Amino acid sequence: MPRWGMVIDLAKCTACQACVVACQAENNVPCVEPEQAAKGRIISWLSVLPDLKGQYPNVLMRLMPLPCLHCDEPPCIRVCPVGATGITPEGIVRQTFPRCIGCRYCTNACPYTRRSFNWRLPDFPGELVQALNPDVSVRPKGVVEKCTLCHHRLLRAREQARAEDRPLAVGDYVPACVEICPAEAMYFGDLEDPNSKVSELAESARAFRYLEELGTEPKVVFLSEGEWAGGEQT
Amino acid sequence: MIATTAIAEKARPPALRLVLKATGLGCLCFWLLVLAGPLAVVWAQAVGGYFVPGDAKAGLKTFFDKGCARCHSVLGEGGRTAPDLARAPAGHLSAGGLVAAVWNHAPAMWERMNREQVNPPTFTESEMANLFAFIYSVRSMDEPGDPERGRRLLFDKGCSQCHAVGERGTRVGPDLSDWASYRNPVSWIQAMWNHAPAMQALMGARGLRWPEFQGTDVADIIAYIRTQATNPRRHFYLEPADPATGRIIFQQKGCTNCHGVRGSAGVGAPQLGDRSLPRTLGQFAGLMWNHSPAMWTSMRTQEIPRPQFSNKEMADLIAYLFAQRYFDPSGSAHQGRRIFEVKGCATCHLPDGEGIGPALSPWRAKVTPMALATAMWNHGPMMLTRMREQQIPWPRFQSQEMVDLMEFLNQGVASAQLQGKR
Amino acid sequence: MAFKVNRRDFLRFTAGGAAGLAASGVSLQGISTLNAAITAGERDVPRGPEAWSLSVCSLCPGGCGLRVRTIGKRAVKIQGNPLHPVSHGGLCPRGLAGLQLLYHPDRLVTPLENVGSRSNPEWREVSWEEAIAKVVARLQALKDHGQAHTLVFLSGRSGRLRQRLLRRFLQAYGSPNLLHAPTGLDSASRAVYLQQGMHEGLAYDLDRTRYLVSFGANLLEGWGSPVSTMRAFGRWRAAGGGQRAKFVQVDPRFSPTAARADEWIALRPGTEAALALGIAYVLITEGLHDAQFVEDHTFGFEDWRDGRGRMHMGFRSLVLREYRLNDVAALTQVPVETILRVAREFGGNRPALAIGGQVSSTLPGDPRAAMAVHSLNAMMGSLEVAGGALMRPELPGDSETRSGQGPTLPPSILQRDNSIFPEVDLTHLSQVIRSKSPYPVQALLTYGTDPVFSLPNGEELGEALQQVPFVVSFASFMDETAARADLILPDDSDLEKWQEAASPPTFPFLLQSISPPVIERVHNTRDTSEVILSVAEALGGNVASSLPESTVEGFLRAEADKILAGRSGYTFATQLEETWNRLLERSGWWAPTYSTADELWQEMKEKGGWWEPTYYYGEWGRVFRTSSHRFEFYSQRLAEYATRNREQVQAMGLDPDDDRFCLPHQVSLPTAPEGFPLLLIPVEVLPLMGGEGAELPYLQQIAGAHVFEHWESWLEMNPATAGQYGLQDRDQVWIESARGRARVRLRLYEGVRPGVVHLPLGYGREQGSEWGRRGVNPLKLIQTKPEPLTLLPQVSQTYVRVYRV
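Protein chains in written order, with this note's numbering: chain Y, 1 to 234; chain H, 1 to 422; chain L, 1 to 805.
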């Protein structure tokens with residue numbers, strides 16, 4: 001049984017946010033209108049978060065693409081009173097929207113703030129509704145939504161593999177954010193497979209797990225920026 | 001042998017011919033496969049050897065897929081930690097030579113892979129064939145030269161005494177920068193070949209020596225001239241050459257009057273397609289140039305008209321000669337047996353299969369360089385371990401020794417004469 | 001484990017994913033009944049076969065390859081074309097937002113005629129036939145009165161082949177005025193013109209460089225071809241074993257690009273030239289430069305004597321005399337040790353590359369600084385080498401269109417007598433219109449650009465347009481220029497028309513993308529090229545005969561056929577095939593997968609295009625078109641200009657006999673006027689690159705991520721500066737320049753230099769979609785000063801004051 005995981009190389013990431021838009025478009029995440037956004041009601045499954053330190057001109061800033069980290073020990077699922085969220089055998093932290101009662105305990109429990117609440121019925125004015133991805137349904141008002149690791153892509157890939165009478169191959173299933181990254185800074189695969197790229201990278205000396213001291217055991221692993229090793233002086 | 005090819009020529013349907021041309025020079029060996037595949041037996045009899053198929057482009061894929069490219073490069077594509085297979089070893093390698101090179105080099109490679117905790121990949125026979133075809137093809141290609149060396153050569157070889165390059169030099173001959181758009185060394189040699197008589201006369205009048213080009217000379221000079229181009233609007237490449245057309249040209253232009261190719265006797269001229277010839281097409285062309293004065297003198301005495309070549313004709317011709325060089329001349333089973341004993345193969349490979357190694361008699365009539373290389377590569381690490389345990393050194397083979405050995409194995413390890421001497 | 005249909009899993013994810021619906025033909029409705037609240041849109045499930053088609057993104061000049069998923073008549077997802085050599089399957093957020101553009105509720109959906117006045121327009125829907133007839137009538141009348149040359153066509157971004165179509169149309173019609181919107185790279189290009197004698201094609205081999213110093217080029221936020229630059233960035237960082245390239249960003253602001261660099265050098269605004277020359281000082285004094293290259297391929301490094309026996313100062317003397325480290329450090333406010341260290345690293349890591357700056361992808365930087373920066377490349381021998389600065393060659397068919405055929409035309413309206421450059425840039429158009437000199441503009445067509453919004457002096461142009469009798473816009477959205485037009489003929493969106501793109505800016509290889517329309521038109525719009533063909537046909541005569549093709553496809557096909565004659569290059573291919581092709585190419589063989597024009601066309605459509613993956617290094621004759629046939633530290637073009645136009649040079653406040661005029665040097669800095677203590681520098685953010693895209697919610701949401709801002713402009717200020725003026729984070733403030741004031745939210749950001757404030761470009765539209773009409777357009781506060789030599793607008797020299805509302 002695979003254990004899906006992601007590695008994000010912060011050395012290669014350009015903070016362009018293509019992953020953010022790819023995620024929105026793939027998953028029909030509604031764009032919250034300006035007035036709502038100003039109240040902090042933006043819905044975002046994946047966003048690039050800045051972390052600024054120091055004073056001019058000694059400033060450092062980490063720009064970190066942060067999806068749901070699909071923790072092995074997710075704090076969010078423990079607090080759900082109705083079992084609307086849980087973890088699949090393959091390690092994906094799921095949200096069953098029809099079951100969600102909108103209590104938002106989980107949004108508070110998630111230390112990474114990777115859960116969003118639908119304050120309103122999503123609006124796709126005019127022709128915009130045509131751009132919706134038919135593989136993913138739109139969430140109603142009053143439920144919490146979050147990253148599914150593009151689970152619909154996994155289902156499709158499985159179906160395709162079965163139709164071709166073969167096992168799921170490496171690269172068959174890739175979430176939208178990983179697929180689009182122009183700098184190829186994101187990797188996705190099976191952490192259970194010791195030969196997979198993600199397993200290899202997750203062992204790298206640069207690898208770290210965000211806020212792992214909380215005991216969440218995230219399956220999205222970051223690689224730190226690293227440094228220029230210095231060139232020869234000639 | 002030529003007769004065999006002629007049969008193949010007829011057997012090839014016209015549609016196939018188009019496909020073949022489209023697949024490109026690099027697939028020269030692939031081409032030969034299709035050409036000779038159905039007639040492999042006839043071919044084998046004709047050349048008294050064996051036949052080696054392969055698809056060079058598929059070989060490139062194998063090269064990357066199997067991880068060879070992680071360490072090895074070819075003409076700069078791939079890793080940097082192991083030798084560039086397009087350059088090392090220097091000189092021409094035939095199929096048998098490739099097997100010998102793999103064999104000799106393998107233990108060091110396995111050891112290193114072991115150190116770096118890389119599992120050696122395994123190959124199927126067809127993958128190995130493709131890989132060989134690929135390596136053989138890229139080895140015949142010229143690398144871009146070194147312009148700085150080219151600049152010095154132009155002066156040293158005396159070219160600049162007559163030719164200007166851009167603004168430098170005097171102008172008796174044409175300005176060489178006019179040719180800067182020609183990317184392929186073969187085009188250069190073709191142009192030089194065709195202009196040579198006029199040039200020879202002028203040089204004679206001025207008492208200049210005929211320049212000769214060795215190694216990468218031609219490529220280097222071209223690289224320099226390219227940097228002097230005033231305003232190259234286009235870059236002229238050659239399209240993949242067609243060895244079959246080359247063979248026809250070889251006959252039509254009268255080359256066969258004097259030259260033989262691989263076994264067919266020549267009359268008073270070197271046999272072409274010889275393995276001692278240089279590695280790349282460009283260097284081969286350079287050699288043609290070097291010998292041309294002597295050749296023309298001999299042609300004049302025999303009253304043979306001097307042939308002219310178009311770009312494409314020259315390329316086809318050289319491709320044809322190169323295709324011939326892939327095949328080793330048939331080995332000697334007798335020599336092979338001697339080698340089998342001297343190199344210690346017989347110590348472990350007993351005819352009854354009771355030795356440390358397996359009996360080799362099942363290989364009878366099945367040995368091709370591919371099959372041998374594949375088996376050797378896939379089982380090699382195990383064999384190496386066993387040999388180490390027995391403290392037997394890894395034997396090394398010359399290219400010709402390998403060919404003889406293969407011939408010997410092909411004829412069957414005759415049980416009676418070979419008793420193991422443990 | 002055997003595959004299970006996994007109904008439970010499926011249900012569990014119903015809301016998150018309902019895979020394969022399109023394929024299996026199941027409607028979303030069945031599942032949706034599980035949800036109490038369901039949107040109307042959700043029931044509107046697309047029907048029909050699923051397909052993937054290729055296209056090209058034209059939301060910036062980057063020209064990335066798209067792969068679009070369609071179901072029936074709908075486009076439902078944009079992804080990257082993995083075969084495309086520019087983007088290799090990657091995209092930036094703008095490209096991904098393409099569907100919002102296509103299905104935008106505020107698109108112009110049908111031709112409109114202004115039946116009101118220019119200042120108070122009233123729009124009436126007209127048919128295409130009517131609209132085209134009106135254009136034809138006006139153009140015919142102009143032509144009949146011998147006024148054809150007074151037609152001006154403003155063209156923004158469009159593919160190269162479409163440009164050829166326009167050029168040919170105007171040529172035959174009789175107008176020389178195909179004018180282009182300015183780009184940020186203009187400053188670097190002008191520098192290259194002065195030093196190498198070439199106008200176009202400046203490119204950088206970012207992939208293979210080992211050390212890169214960017215003097216304010218916003219590499220990761222809209223410079224050059226964004227995706228291809230990001231890809232190169234990813235490759236630098238992927239290289240292990242000491243092979244990682246170092247990227248140094250020189251910038252007054254700690255921009256997101258600076259944040260991602262290996263090192264950020266904060267310098268005083270406007271002193272980039274001095275810093276570059278300070279680095280040159282170290283290279284010279286420590287002998288780190290490539291002396292052989294300088295000797296073989298450059299002019300004016302050493303002092304030299306001209307034909308009349310007069311001695312001139314060379315680059316070396318200038319640098320050694322005037323750019324001593326202490327002086328440079330004092331001026332730039334960069335520590336001496338930093339300059340020394342960076343210069344030594346730059347000199348010790350080859351190929352090393354220096355890139356000149358820009359304000360944004362549509363606003364150029366300082367051309368003098370660009371000369372100084374490019375001189376560093378020449379010193380290091382980083383011209384025409386792998387990993388260096390290159391000059392992209394022309395595509396087959398390019399020069400032919402440029403010279404053109406037909407009647408000789410009067411000079412372009414932007415051509416100046418005695419100018420160093422053939423044309424001045426578009427910011428001068430409003431002056432030309434007002435002064436009617438060299439001749440009045442009788443008709444103005446604008447396509448792919450909104451100059452009234454995006455030019456630094458756009459308001460001026462907006463007013464000047466009142467004086468142009470006939471204005472036509474081909475805009476897809478109501479914008480500031482379209483709002484002042486007589487006719488709007490809305491263009492198709494990218495996915496609705498034939499797409500084509502050439503090599504994007506700074507991309508070294510020749511390339512031509514081609515893709516057929518992905519879906520049928522959503523609205524009653526038309527491809528502008530198609531409209532031009534219709535107009536040409538209706539005008540008849542030589543105009544019609546110059547464009548014999550009746551369809552855009554026909555035209556593109558005819559132009560693409562010219563590629564075949566070049567006999568080189570390949571259609572887009574997999575990495576493996578490209579490796580193979582490279583191997584062949586290196587030794588002079590070319591094995592194309594096509595042999596006829598039909599095959600080429602077919603393959604271009606199937607794979608996305610054609611390109612030539614080879615760069616021919618060291619073609620000095622091609623890349624140095626100066627009188628010395630070398631790279632010129634001392635620009636002889638400038639010397640010649642100074643000799644012939646002494647008065648003009650003096651009028652610029654410069655001395656024509658001073659050798660500095662022809663050499664790279666630091667110009668004097670403006671000082672803050674009384675009462676305006678803060679320097680305003682507009683900045684570009686990638687989502688709104690080029691000042692476009694504000695109408696797209698996807699982009700609005702992410703545009704200010706580094707300061708957690710969205711949907712609105714923000715004013716960036718250093719907390720120390722704010723403290724000085726008693727301002728606090730998130731205050732509503734007025735920002736006021738001599739030109740006017742605007743209200744905006746203040747954001748304190750440690751990345752801003754004290755004494756400087758920044759406003760993002762792209763906000764503050766007055767027309768069009770409500771989503772784009774938010775925030776402040778910084779250009780309305782900017783006082784533009786043309787740089788004396790190149791007359792390029794300089795927009796980073798405006799001083800402002802900021803106070804609480």
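Don't read these hints as lab results, they were simulated from the structure. Here the structure is a predicted model, which is why all the values come from computation and not from measurement. Built from N, CA and C at the ideal position, the CB exists for glycine as well. Keep in mind that a hint or two might mislead.
[As the list claims (entries may be wrong)] DSS-like, lysine-lysine: derived pairs with alpha carbons at most 30 Å apart:
id : chain 1 : residue 1 : chain 2 : residue 2
1  : H       : Lys61     : H       : Lys312
2  : H       : Lys343    : H       : Lys157
3  : H       : Lys312    : H       : Lys253
4  : L       : Lys780    : L       : Lys73
5  : L       : Lys134    : L       : Lys562
6  : L       : Lys73     : L       : Lys436
7  : Y       : Lys197    : H       : Lys66
8  : H       : Lys66     : H       : Lys253
9  : Y       : Lys197    : H       : Lys61
10 : Y       : Lys197    : Y       : Lys39
11 : L       : Lys605    : H       : Lys61
12 : H       : Lys312    : L       : Lys780
[Said to hold, decoys possible] One-sided and incomplete, this derived list gives chain L residues near chain Y with beta-carbon spacing under 10 Å:
id : residue
13 : Cys64
14 : Phe233
15 : Asp262
16 : Glu345
17 : Gly462
18 : Lys605
19 : Thr614
20 : Tyr615
21 : Gly618
22 : His706
23 : Arg743
Structure versus earlier hints - violations, ascending order
2, 4, 5, 6, 8, 10, 12, 17, 18, 19, 20, 21 and 23
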